[in-house]
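Chemist: Those protein sequence lines, which keep their order, are chains A and B. For the first sequence, our numbering begins at 1 and goes up steadily by one. For the second sequence, our numbering begins at 285 and goes up steadily by one.
Among the hints, a few may not be true.
[Unchecked claim] Calculated pairs, DSS-like style, for lysine-lysine (alpha carbon to alpha carbon, straight line, at most 27 Å):
(1) Lys-280/A to Lys-543/B
(2) Lys-177/A to Lys-192/A
(3) Lys-177/A to Lys-341/B
(4) Lys-177/A to Lys-508/B
[To be verified] Some chain A residues flagged as far from chain B (calculated, every beta-carbon gap over 10 Å):
(5) Asp-6
(6) Asp-24
(7) Leu-28
(8) Glu-29
(9) Ile-30
(10) Thr-42
(11) Gly-55
(12) Glu-98
(13) Phe-132
(14) Glu-134
(15) Lys-161
(16) Glu-205
(17) Asp-237
Keep in mind the hints are simulated off the structure, nothing from the lab. Where a beta carbon is used, it is the ideal one built from N, C-alpha and C, also for glycine.
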Amino acid sequence: MSLILDNISYKYSTGTAYEVTALDGVSLEIKDGQFIGIIGHTGSGKSTLIQHLNGLLKATEGTIYYNGQDIYDKDYDLKDLRTQVGMVFQYPEHQLFETTVFEDVKFGPKNQGLDDKEATLRAYEALRSVGFPEDYYDQSPFELSGGQKRRAAIAGVLAMKPAVLILDEPTAGLDPKGRDEILGLISDMHKKMGNTIILVSHSMEDVANYVDRIIVMNDAKVYMDGTPKEVFSRVKDLEEIGLAVPEVTYLMMELKERGWNVDVSATTVEEAKNEILKLKGMNA
Amino acid sequence: MNIIEAKKLVHEFFRRDEEGNIEGIQVALNEVDLQVKAGSFISILGHNGSGKSTLAKHINALLTPTDGTLYVDGKDTSDAGNELAIRQSAGMVFQNPDNQIIASIVEEDVGFGPENMGIPTDEIWERVERSLKSVGMWKYHTHSPNKLSGGQKQRVAIAGVMAMEPKCIILDEPTAMLDPDGRKEVIKVAHELNKKKGVTVILITHYMEEVVDSDYVYVMDKGKVVMEGDPRNIFSRVEELKSHRMDVPQITLLAHELKKSGLDIPDGILTREELMNVLNLG
Chain A
1 MSLILDNISY
11 KYSTGTAYEV
21 TALDGVSLEI
31 KDGQFIGIIG
41 HTGSGKSTLI
51 QHLNGLLKAT
61 EGTIYYNGQD
71 IYDKDYDLKD
81 LRTQVGMVFQ
91 YPEHQLFETT
101 VFEDVKFGPK
111 NQGLDDKEAT
121 LRAYEALRSV
131 GFPEDYYDQS
141 PFELSGGQKR
151 RAAIAGVLAM
161 KPAVLILDEP
171 TAGLDPKGRD
181 EILGLISDMH
191 KKMGNTIILV
201 SHSMEDVANY
211 VDRIIVMNDA
221 KVYMDGTPKE
231 VFSRVKDLEE
241 IGLAVPEVTY
251 LMMELKERGW
261 NVDVSATTVE
271 EAKNEILKLK
281 GMNA
Chain B
285 MNIIEAKKLV
295 HEFFRRDEEG
305 NIEGIQVALN
315 EVDLQVKAGS
325 FISILGHNGS
335 GKSTLAKHIN
345 ALLTPTDGTL
355 YVDGKDTSDA
365 GNELAIRQSA
375 GMVFQNPDNQ
385 IIASIVEEDV
395 GFGPENMGIP
405 TDEIWERVER
415 SLKSVGMWKY
425 HTHSPNKLSG
435 GQKQRVAIAG
445 VMAMEPKCII
455 LDEPTAMLDP
465 DGRKEVIKVA
475 HELNKKKGVT
485 VILITHYMEE
495 VVDSDYVYVM
505 DKGKVVMEGD
515 PRNIFSRVEE
525 LKSHRMDVPQ
535 ITLLAHELKK
545 SGLDIPDGIL
555 TREELMNVLN
565 LG
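Only chain B is shown next, with the shape it has when bound in the complex:
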């Protein structure tokens, strides 16, 4: 079953002058087709301004289609009546952890979402505990969020979304402002939630290394999906990726360069182990 289904999804932004007349139209999403199977882990790559964040905002019904359709968990996002239900099905985590944490104690922050949904108090606390444990932050539940590291804050933000028990979480460049340790923490947590809790994960990122373990990858450019496939397929198309301002993991690039120098190496090498095996040094 597809939890997300976009058909020819279009989004146009209007630039207006001071009198409110339309000066120009910018097509941020241009007939995007996308299907995400429930329970899968997918990644969306694309350069700054390629339309990937606009797409993310559609999945959360923060934006609605100019044209085309988008169904999230069977609900049409164009229908204003579905807004709340969609936001409960698909939770969103943004780039900057400091912009998403509102309470002065970790557990209260995580409880904010379910409280807003009208969940009974006892159950809120159960959910808070469960979701903080699922991101490995339970031992900080009585701490102040502003003393946490960036990676920890981002995990609290994810717990806050998990407490609403969504079927799907969208992570919009969740690691862009984190250091390497923080980045690893967040990606690890996302994979654990996907595997253990069966949550569908949509990861939007600039870091090629982070998408290697995804089930499926979409690459966006100029509002369109320009490449799609599993990570091995995507990363075997080095030159094509580069033409969309993307890159490949360092090991993949090394393998590609070795192949160009005449060594017999298959495309789409993703790990050191794989490269060592195909190098076949006897």
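Chain A with its partners taken away, still in its complex shape:
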């Protein structure tokens, strides 16, 4: 059970002077239950890539297999794929439309063909899992604060119980606490339900804190693919394509340059703290 991208290329405005290759020979295997971060600067192909995963864009070359089936096959049910591979777009609150939060969250499961009772249960479950306050279930989604709207919108996708959940910068525009809360709930859900999570992010710190695999996109290609430690150890390569490593990783490298015996692969505050305490001869 997995998503396999076999040599995917995507070009638009083909045959004109403005032809752009947005994806160039991308091959990836995304196994069940992985928590993946996708990073890359604007225009590197991140968004184009994720839109292929649920069939919103069709590759100009190559094929995608979901659970062993070719999704470009004539008989393949793309609608079914989209309920299994759920997508939370950037600023998902722009897509809220129903009269109440509860109806909005129910819309997805109803659309999947579930009966009213089942859809209602799903909506309860999803709203509870994102920590949405019950008092607001019957409120208009348009009267909520930014953070609450974001939660409601994410709940709308969760209610469809996707096996693969793709989130395109889910914390953009949120305050620091809001960022931690949203990422925390995604991470908790991943631990509880073991579904596959694909997180597109601009924050190296967030990616370092949460994911177990990072895919770095650059110039329409997969530039790196590995664990956070593997990826963030290649500082020069990352900087070359306009990315960076977490601040604490830079600190560890500077300590090393000054001759201190530290493990430069620390990517989180916790890891950096333990390394420095070790240097100081203190137990963490």
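Let chain A serve as the given structure and place chain B on it in line with the hints.
Modeler: Relative to the frame of chain A, chain B by itself:
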């Protein structure tokens, strides 16, 4: 001299039902006192819904006080007659670059503001060139804005405000929709304008790293100013910041954690260099 002076500034929003009767009152600004010295670079932090954007709209006279007073460049914002003069003194840049660019060529977009002010044509072009150069976007002056990156668009929007030669610019979460490179570009430009042109800058943001170089920082919560001080002072109060849904830069957090573990480290470490020096590894 203070270019912005708020005394017990209050703003209330009224929620109305279908018949227009008042259903509820939301206090967005609750007796805010704030002074900004001309030529300084100040930042305002605060969570979503804390009142910081409402405050920004007051400085630009897009909103006027329900109670209390606000003077911008010596002019009372409650006086409707001052509206235009205030908007020339204090220019505003918003979050979404795509919502603020109106012309199909960069230089025409930047020229829109001064043209509206009735500036003679020759001078408009001088101002357009000067302000595009000041944000490092002159080489794109004949380009179409929609082919630019987010950071570049935001710099064009800043140039558009600069062309009106304001004394003060308010940047309301100008980097929220940008990638890390774009964010750096915009913050760098804001500091350059402040240093080289002496423009007062008011930066509203969610990114803690962006306020480290400010002269003074205000933190807002529930419509009130709850913390104020220079960045070092603000970031030495880690727990207090967190109680207002804010955070500290990653290095500051690491220093704070090390201190809690028993190392002798002062509060308010802002940079890697500072942390390395106090770690005193011999």
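Chemist: Against each hint, give a clear statement of whether it holds in the structure.
Modeler: Now the hints, each set against the structure:
A threshold of 27 Å between alpha carbons decides the hint, and for Lys-280/A with Lys-543/B the separation of about 12 Å falls inside it, so the pair holds. For the hint pairing Lys-177/A with Lys-192/A, the CA-to-CA distance comes to about 22 Å; that is within 27 Å, so the pair holds. Taken as a hint, the Lys-177/A and Lys-341/B pair is honoured in the structure, with Cα atoms around 24 Å apart against an allowance of 27 Å. Under the criterion of a C-alpha separation no larger than 27 Å, the hint pairing Lys-177/A with Lys-508/B is consistent with the structure, at around 18 Å.
Interface exclusion of Asp-6/A from chain B stands, the closest Cβ pair being 29 Å apart, more than 10 Å. Every beta carbon of chain B lies more than 10 Å from that of Asp-24/A, the smallest distance being close to 20 Å; the non-interface claim holds. Residue-level check passed: Leu-28/A sits 22 Å from the nearest beta carbon of chain B, beyond 10 Å. Taking the minimum C-beta to C-beta distance to chain B, about 27 Å, the non-interface status of Glu-29/A holds against the 10 Å cut.
Under the 10 Å C-beta cut-off, the non-interface status given to Ile-30/A relative to chain B holds; the minimum distance is some 24 Å. Distance check for Thr-42/A against chain B: the nearest CB is about 5 Å away, which does not clear 10 Å, and the non-interface claim fails. Look at Gly-55/A: its CB is around 26 Å from the nearest CB on chain B, clear of 10 Å, so calling it non-interface holds up. Every beta carbon of chain B lies more than 10 Å from that of Glu-98/A, the smallest distance being close to 19 Å; the non-interface claim holds.
The Cβ of Phe-132/A lies farther than 10 Å from every Cβ of chain B, with a closest approach of about 16 Å, so its non-interface assignment holds. Glu-134/A, annotated as away from the interface, keeps every beta carbon of chain B farther than 10 Å; the closest lies near 20 Å. Annotated as non-interface, Lys-161/A keeps its C-beta farther than 10 Å from every C-beta of chain B; the closest such distance is 28 Å. Its beta-carbon lying about 6 Å from the closest one in chain B, Glu-205/A breaks the requirement of being farther than 10 Å from that chain.
Here Asp-237/A stays apart from chain B, with its beta-carbon at least about 16 Å from theirs, past the 10 Å limit.
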